[in-house]
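Since chain W is already given, all that's left is putting chains D and E on it; use the hints.
Here is how the chains run, residue by residue.
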Amino acid sequence: MSEQLQEPDLVPPHPPGWTEEKVADGFSVPATPSEQPGFQISQRAEVRPGLEGEYLEVAIGPHHPSTHGVFRMDAVLDGERVMKLKPVFGYLHRNHEKIAEMTTYLGSMPYTDRLDYFCSLTNNWAYALTVEKLAGLQVPERAEYIRVITAELTRLLNHVCLIGFLTHDMGALGTPLMYAFREREKILDLFESLTGARMMCNYMRFGGCRVELPSGWLEAVRLLVDGFPRFLDEFDNLLSTNEIILARTQGVGILSAAKAINSSVTGPMLRASGVNYDIRKVDHYGIYDRFSFRVPLGDHGDVYDRYMIRVLEMRESLEILKQALRDIPGGPIIDPKAKLRNFKPKVGEAYGRIESPKGELGFYIISDGSANPYRYRVRPPSMINLTILEDMCLGHTVADTVVILGAVDIVMGEVDR
Amino acid sequence: METLEQIKVRAEAAISGVRLELLANGSVATQSSMLVDPTHAIALATFLRDDPELRLDYASNVTGVDWPDAVTKEKVKIKRVIEGVEKEVEETIERTRPGYLEAVYHLYSMELKHGPLVLRQRTENRTDRVHVASLTPIYRGAEFQEREAYDLYGIQFDGHPDLRRILMWDEFKDYPMRKDYVEPDDYEYEPTPHDEVLEKAQRHYPEGGQP
Amino acid sequence: MKPPSVDEGLRSELSKQGIFTVGLEELYNWSRRSSVWPLNFGLACCAIEMIAASMSRFDIARFGAEVFRPSPRQADLMIVAGTVTKKMAPQVVRLYNQMPEPKYVIAMGACAISGGPFKQGYNVLKGIDRYVPVDVHIPGCPPRPEALLHALMTLQRKIDGQRLTGPQRARHLQEDTPSEFPVPGFGPHDLVPSQNEEVWQHPVITREAP
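Chains as they are written, first to last, in our numbering: chain W, 1 to 417; chain D, 1 to 211; chain E, 1 to 210.
One chain only, chain W, in its complex shape (with noise of 0.2 angstroms):
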């Protein structure tokens, strides 16, 4: 798989073809799957409409035993292959939206992390750029600093159990999951000392962060990631060159570019199919201008790709971190001048976004001047990419339906809000 080291402006969206290149770190990444030395992927037989029969239709879900959640597709079904499937959604509409209109600003902090409850950390970053953005209000360069290492490190724990879930739905039963759980308990020790909570940790205020960094806490966090890429490279060696993923990943579930864009897919999925599009670069929130990586691109929009994308990313964060460690400064970690009680915005609307890890999350929140917002909305990364569900799976097994709904990665916390 190719990987593009440029800056984002001067890379055509479409990468050359599939080539083998050696990755910094001296790991090689396999080339097509027809030079893997005695392996070959058996052909995909075709639709046959002539045959006698019925279509079945079957509701997978909501309640199933892959892991993703309260989530249903009504699939119409030619023996084993999918003819139309439509998601269906809703069972975990918590009203979100209509209870922050009820509540004031930072009262619907906490319930921010309860929308993607994997990534709270990024979430709450979202909802205070928006009201900072909506507000005018001044971050401190040492609570940009935190707020990077955290969302980085979020990323981390988000593609570390995704990768888990993933091989699960595969069949291999909870084991590459237990190796990534064993990795995310640790990082969520350094949240629980840092926040006090382990997964909803509403961390974030407008203006900066909650509270100071404990003492030795960005100790433990170097050692967390001096130690990840071993753990990296030993998931690495385990599961990429694996022939039974390669054999139900590679050809499944293709995205080209144009269809991803016109669906409005953004983060790993998109750069899976080869568009270069990550907001880091793009919009330079926070202080991300001041590091160096890479993003890594993807070649031919499958699931193996989407799946490779999300290690090379992990393996990006671990760099970002090193430099975050490297520089934070002293300083104050909320601005001073910003009000927390009876906090009134002028009268507008602002829409902010970030990269999370599962792709674009963004807030727009319009503002009457008074102490509620008057409308919140959240943009969920997860339900818009689900968009494209269908046209992915039409023509494919049900258990390739499975390993593609797995790989788009979706928290339904986050898709019904």
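If you're looking for bench data, these hints aren't it; they were derived computationally from the structure.
Where a beta carbon is used, it is the ideal one built from N, C-alpha and C, also for glycine.
Just to be clear, a hint being listed does not mean it is correct.
As the list claims (entries may be wrong) - Label pairs and their calculated CB-CB ranges:
1) W:104 x D:165: 23 to 33 angstroms
2) W:182 x E:185: 36 to 46 angstroms
3) W:234 x E:198: 50 to 60 angstroms
4) E:74 x W:182: 24 to 34 angstroms
Stated by the list, open to error - Computed cross-link-like contacts, DSSO-like style, restricted to lysine-lysine with a CA-CA straight-line distance of at most 27 angstroms:
5) D:200 x E:119
6) D:73 x W:346
7) W:344 x E:119
8) D:8 x W:86
9) W:344 x W:84
10) D:179 x E:119
11) W:346 x D:179
12) D:8 x D:113
13) W:259 x D:77
14) W:344 x D:179
15) W:344 x D:75
16) D:113 x W:281
17) W:281 x W:322
18) W:346 x D:200
19) E:119 x D:173
20) W:344 x D:73
What follows is chains D and E alone, placed relative to chain W:
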């Protein structure tokens, strides 16, 4: 990206009959928006997507907003004749702005990496004439989000391939995100109620005030 | 309350001779509570803590409960982890009906107990115990995996105390237990009925005059 005024001039030249209006935004974020009438929305969206300088090919966020009838009071000085003498009197004039529903689109460009352009479409009122044009034929990503705006607000999108409820169940009758929605009353048992929850729970207490 | 078993003196005499005695109730309850098989049923954020409880750090396998069954027909325990919305409530009750007796329910997290932080939502069911009898409630948002293990131990103590005979016998041995709990239907504004009267009797609070 060029300014909204320049885009407005070029769009009005390219599409005949379109009526565009620019709405300013009071906050610090200064993301002003462009209001388009529903009959020309598809033409404008096609222009925005295909124009070589704009190439707005990515609809990032599609949502609905409810603006109920708003009554504004204004104090004006009017000259009136009182007891034969012309005097200047201060009176309050009440203006009612009729309510409407609004669909807001945030458009970005993945090719040229600029944006956003905020596009708005308004319905005529909140009761029976709630139709706007659907931009799903242009931006496929708007499909689920327009369905959600229909489900929660009741905005009918003409031209949407599959307009039905997405988050609530199909037999549900109301439009929950509207400002005048009354939620069902299941506050019979509240162990420690306070504020608004106490008001709702007190409706179930027997006469005398205690549960 | 532990059921009556063999007299302790007799038991220690016999065990010195190499004879092991146990009451039938004790044996039955011990075997049931040492291998409670949960249903693979996570709804929301609490499901992640449930998965973390089954992973290597918090290891629910020590309690015999690591076999999460995907099918309700093979499960003993339903851990309702996460917010139950009104759209999902009929499915939860249907799954509960499909589980064979003896079956238990743990309501994990504030949302499953009473609606939690989302209580003011129009689509949120204010507690799963409106439709289904709940045995153990775990407060927290989300409760730590240790809290889930504590709840499992509490459930095990409850199972240990169940009787096989007499008027206080366990629910699955009584003849007039309903074999199916009524599934709510979707109405135009709310679920129909909004709660199940036989299951949901909230306690009466007597507050002292201030």
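Taking the hints in turn, this is what the structure says about them:
1. W:104 x D:165: 23 to 33 angstroms: 30 angstroms, holds
2. W:182 x E:185: 36 to 46 angstroms: Between residue 182 of chain W and residue 185 of chain E, where Cβ atoms are some 45 angstroms apart, the hint holds.
3. W:234 x E:198: 50 to 60 angstroms: 55 angstroms, holds
4. E:74 x W:182: 24 to 34 angstroms: Hint holds: Cβ distance 28 angstroms, inside 24 to 34 angstroms.
5. D:200 x E:119: 12 angstroms, holds
6. D:73 x W:346: Between residue 73 of chain D and residue 346 of chain W the Cα gap is close to 20 angstroms, so the pair holds against 27 angstroms.
7. W:344 x E:119: OK: residue 344 of chain W and residue 119 of chain E at ~25 angstroms, within 27 angstroms.
8. D:8 x W:86: 38 angstroms, violated
9. W:344 x W:84: 49 angstroms, violated
10. D:179 x E:119: The hint holds at about 18 angstroms.
11. W:346 x D:179: 21 angstroms, holds
12. D:8 x D:113: Holds, at roughly 20 angstroms.
13. W:259 x D:77: 60 angstroms, violated
14. W:344 x D:179: Within the cut-off at roughly 20 angstroms; holds.
15. W:344 x D:75: Holds - the C-alpha atoms of residue 75 of chain D and residue 344 of chain W are around 25 angstroms apart, at most 27 angstroms.
16. D:113 x W:281: 10 angstroms, holds
17. W:281 x W:322: Holds: residue 281 of chain W and residue 322 of chain W sit about 18 angstroms apart, inside 27 angstroms.
18. W:346 x D:200: Judged against 27 angstroms, a Cα distance of about 31 angstroms means the pair is violated.
19. E:119 x D:173: OK: residue 119 of chain E and residue 173 of chain D at ~21 angstroms, within 27 angstroms.
20. W:344 x D:73: Satisfied, since the Cα-Cα distance of roughly 22 angstroms is no more than 27 angstroms.
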